[in-house]
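Enquirer: Listed here are the chains, written in short residue letters.
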Amino acid sequence: MDFELSDDERSLADGMRRLCEGRFPMERVRAGEGRRALDTEGWSALAEAGVFSLRLADEEGGADLGTAAAAVVFEELGRALVPGPLAATHAAAGLVKGAATGDRPVGLLRRTPPVPGDPRPVLVGDLGSLGALLVVADDGVELVEPDAVGGAPVEGGLDPLTPLWRLEAVPRGTPVGDGPVAEALWRDFLVVEAAFLVGMAAVTSEMAVGYAKVRRQFDRPIGSFQAVKHMCADMLVRAETARAAVHAAAVTVDQPDVGDAVRAAHGAALLAAQAAEANARACIQVHGGMGFTWEVPAHLYLKRAIVLWRALGPATRLADVVAERF
Amino acid sequence: MDLRYTDAEEAFRAELRAWLAEVVPTLGPRPALTDWPARRAYDTSWQGMLYDAGYAGIDWPVEGGGRGASPVEQLVYLEELERAHAPYVGVNFVGLLHAGPTIAVEGTPEQRARFLPPILKGEQVWCQGFSEPDAGSDLAALRTRAVRDGDEYVVTGSKIWTSHAEVADLCELLVRTGEEGSRHSGITWLAMEMDRPGIEIRPLETIGRSTEFAELFLDGVRVPVGNRVGEENDGWRVTMVTLSFERGTAFVGELLQSMEELRRIRSLARRVGLWDDPEVRHRTGQLGAELDALWALTRRNVSQAARTGVPGLGGSVFKLAFSELRQRLATLGLELLGSAGLAWDELEATDGSGPIGNTRLLEQWIGSFSRTIAAGTSQIQRNIVAERILGLPKG
Ligand SMILES: Cc1cc2nc3c(=O)[nH]c(=O)nc-3n(C[C@H](O)[C@H](O)[C@H](O)COP(=O)(O)OP(=O)(O)OC[C@H]3O[C@@H](n4cnc5c(N)ncnc54)[C@H](O)[C@@H]3O)c2cc1C
Chain Z
1 MDFELSDDER SLADGMRRLC EGRFPMERVR AGEGRRALDT EGWSALAEAG
51 VFSLRLADEE GGADLGTAAA AVVFEELGRA LVPGPLAATH AAAGLVKGAA
101 TGDRPVGLLR RTPPVPGDPR PVLVGDLGSL GALLVVADDG VELVEPDAVG
151 GAPVEGGLDP LTPLWRLEAV PRGTPVGDGP VAEALWRDFL VVEAAFLVGM
201 AAVTSEMAVG YAKVRRQFDR PIGSFQAVKH MCADMLVRAE TARAAVHAAA
251 VTVDQPDVGD AVRAAHGAAL LAAQAAEANA RACIQVHGGM GFTWEVPAHL
301 YLKRAIVLWR ALGPATRLAD VVAERF
Chain B
327 MDLRYTDAEE AFRAELRAWL AEVVPTLGPR PALTDWPARR AYDTSWQGML
377 YDAGYAGIDW PVEGGGRGAS PVEQLVYLEE LERAHAPYVG VNFVGLLHAG
427 PTIAVEGTPE QRARFLPPIL KGEQVWCQGF SEPDAGSDLA ALRTRAVRDG
477 DEYVVTGSKI WTSHAEVADL CELLVRTGEE GSRHSGITWL AMEMDRPGIE
527 IRPLETIGRS TEFAELFLDG VRVPVGNRVG EENDGWRVTM VTLSFERGTA
577 FVGELLQSME ELRRIRSLAR RVGLWDDPEV RHRTGQLGAE LDALWALTRR
627 NVSQAARTGV PGLGGSVFKL AFSELRQRLA TLGLELLGSA GLAWDELEAT
677 DGSGPIGNTR LLEQWIGSFS RTIAAGTSQI QRNIVAERIL GLPKG
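Residue numbers (the working numbering), protein chains in the order written: chain Z, 1 to 326; chain B, 327 to 721.
Hints are computed from structural coordinates only; laboratory data are not their basis. Some hints could be false.
Chain B stretches covered by chain Z per the calculated footprint, using a threshold of three residues with CB under 8 Å from any CB of chain Z [claimed, not checked]: (1) 584-598; (2) 623-629; (3) 643-657.
Pairs of lysine to aspartate or glutamate residues, derived as DMTMM-like cross-links and limited to a Cα-Cα distance of at most 25 Å, are as follows [stated by the list, open to error]: (4) B/447 <-> B/348; (5) Z/213 <-> Z/27; (6) B/720 <-> B/506; (7) Z/97 <-> Z/48; (8) B/720 <-> B/560; (9) B/720 <-> Z/234; (10) Z/97 <-> Z/41; (11) B/447 <-> B/580; (12) B/720 <-> Z/206; (13) Z/213 <-> B/713; (14) B/720 <-> Z/219; (15) Z/97 <-> Z/145.
A partial selection of chain Z residues facing chain B, derived with a Cβ cut-off under 10 Å [what the hints assert, rightly or not]: (16) 209; (17) 234; (18) 245; (19) 251; (20) 321.
All C-beta atoms in this analysis are idealised placements derived from N, C-alpha and C, irrespective of residue type, glycine included.
Whenever a hint applies, use it, and build me the whole structure from the sequences.
Expert: Next comes the structure, spelled out in structure tokens:
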């Protein structure tokens, strides 16, 4: 047992970080604010780097790397706040033709039993750029062709980096997988999305700590005040425990005999989403008035955390799976 | 990242598991929380059994009489003990997890030969005399004075919160040998036999009505210089070695036990008809996810220790998260009992299905309050995380 990152995993992370620094520096990401279409150039660069295909076998055009490697990669993407349906496209790579190569960006929706009288429409991100929409339910997966979805654009989404469309209901499509396929797809989606969220939680923690060291009030750095210091400590605790949970879930998908990967994936997604949201909130607080400005990117991390969390489903459902399988 | 155990680790597990399956069922129940002499006898006899079977101090260095096992094997060891419901280290805690490891690393060959085997055999129990009435979180403010007189130190002062002092043979004692106000640079680490003249022990009652800790009054107690571990005035550094062990794998047993406790709480929720309550399920799942995460973090910390040889600062992250989690866990259990959780003595169910389980849950709940205080309060842990890991300036 050696749960440290291997040298290969470290160099994969380093490589991915360099790619993100080159391709997705914050100014470049922010240049896409309000845009309704995916930045296809950036998307293709990710596809070329193997972000979507890396878990597929060599003969399927993949790199035959495991879920642990995917988690390491997605943590870096999350740090950079790269937009687009990355986790869904990655998780769908074996199932939807064209996902692995990035030619067909894939969206993912979860169908839950309808609540009679619930008048809320369903909002989905990036619909206009999708090549396929997958609908996951307990008993199977359906594929919906984008022109059959018929969503209406919604202007002014919460996250300026996630364009939204409105659906009147979760659509129906053609079955492409049974219950076990659905379970595996959802599990893998949770793990890589959780890794993305952990990357986000780590960045907001670093931003807050960095600011706390340089911003001075009362003639000293604000990071010397315990009220600030303890917020920062809690941010690290949340990010590091969620990170350990995500890595364990990823390794458990690759090494099924070491535990229950479905339980691990749901638990990891829960903690990662909580860490991403709570750390973004704390990051805003530590920055004071600056934190409430459009200029400081803390709010973008908060808004993305909320957008991603809505796709994972409510905390109660994630926790419920863990409670039953613990 | 690899979570599979090697063949050698699995072989060690199998051998240990077979032995535990044989001996654990022969042990009686652990004596009551209030009867410390009986607990001492129970805990030390278990330690003797471990020693005879070759399972004492498995992560201690070979020169210290241990097995020199890797941190991963230590983890397997703790996992198997918990799985077999073997007794907890109990009164051997300070000897096995503080004083022993400190002497193994910092002691002279004579001190190792003299102090370590009795710890491993369960013949001698240690207590920890660090905290004082005016030196708790600020341990470096300690004032208990030791004055050199020939080849002895004469020790005068008082200690507080000394766990298991009443049943201890030895005390790892921090004393002031430097001048007043010398703080970290004037502290010395002594091994003090508890039967020396001038030691008075006054038990203190906990909020759980146990006398598990005590006040020590030291009035001219003579301790031989040969009992000093490390150099005079170098005791702070010697102590930090001890504390890093405490914040490393010391809580693994409790973590695994908490995972089982959560399953027990789920069974209780089913038994009392509350498992359909969405809030109960939500809290259970949240705790389950956090326990899984802390188990992952433990394996990460152990893997780091296996690579670097010392437990990393991740121990503070773990201690902080785990101690606060335990309070929420115990609170959920107690709430499920409703008014049946208000009594200490075990209650019988109204439907003849046996004991309700209130005693155990109440003990867990009361005990959970000490977890965020002992071994460094949560506030101090946050300071450590912020200053030593994140590099924020001291206040
Ligand atoms: C069950 C139990 C067993 C124990 N066993 C032993 C033992 O065997 N041997 C031993 O030596 N000690 C033992 N202790 C003592 C323990 O280590 C101390 O209680 C602990 O370090 C806190 O010190 P204190 O009690 O003096 O509290 P204080 O230090 O007075 O703290 C009081 C409050 O102030 C806060 N506070 C203090 N300083 C700061 C700061 N700088 N920043 C923010 N907040 C601060 C604390 O977090 C706490 O909330 C035990 C304690 C318990 C509860």
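Enquirer: None of the hints should be skipped; say for each whether it holds.
Expert: How the hints compare with the structure:
{"no.": "1", "hint": "584-598", "in the structure": "holds (count 4)"}
{"no.": "2", "hint": "623-629", "in the structure": "holds (count 5)"}
{"no.": "3", "hint": "643-657", "in the structure": "holds (count 3)"}
{"no.": "4", "hint": "B/447 <-> B/348", "in the structure": "20 Å, holds"}
{"no.": "5", "hint": "Z/213 <-> Z/27", "in the structure": "24 Å, holds"}
{"no.": "6", "hint": "B/720 <-> B/506", "in the structure": "23 Å, holds"}
{"no.": "7", "hint": "Z/97 <-> Z/48", "in the structure": "16 Å, holds"}
{"no.": "8", "hint": "B/720 <-> B/560", "in the structure": "23 Å, holds"}
{"no.": "9", "hint": "B/720 <-> Z/234", "in the structure": "17 Å, holds"}
{"no.": "10", "hint": "Z/97 <-> Z/41", "in the structure": "20 Å, holds"}
{"no.": "11", "hint": "B/447 <-> B/580", "in the structure": "23 Å, holds"}
{"no.": "12", "hint": "B/720 <-> Z/206", "in the structure": "18 Å, holds"}
{"no.": "13", "hint": "Z/213 <-> B/713", "in the structure": "11 Å, holds"}
{"no.": "14", "hint": "B/720 <-> Z/219", "in the structure": "14 Å, holds"}
{"no.": "15", "hint": "Z/97 <-> Z/145", "in the structure": "12 Å, holds"}
{"no.": "16", "hint": "209", "in the structure": "5 Å, holds"}
{"no.": "17", "hint": "234", "in the structure": "7 Å, holds"}
{"no.": "18", "hint": "245", "in the structure": "4 Å, holds"}
{"no.": "19", "hint": "251", "in the structure": "5 Å, holds"}
{"no.": "20", "hint": "321", "in the structure": "7 Å, holds"}
Comparing the model with each earlier hint shows no violations; every hint is respected.
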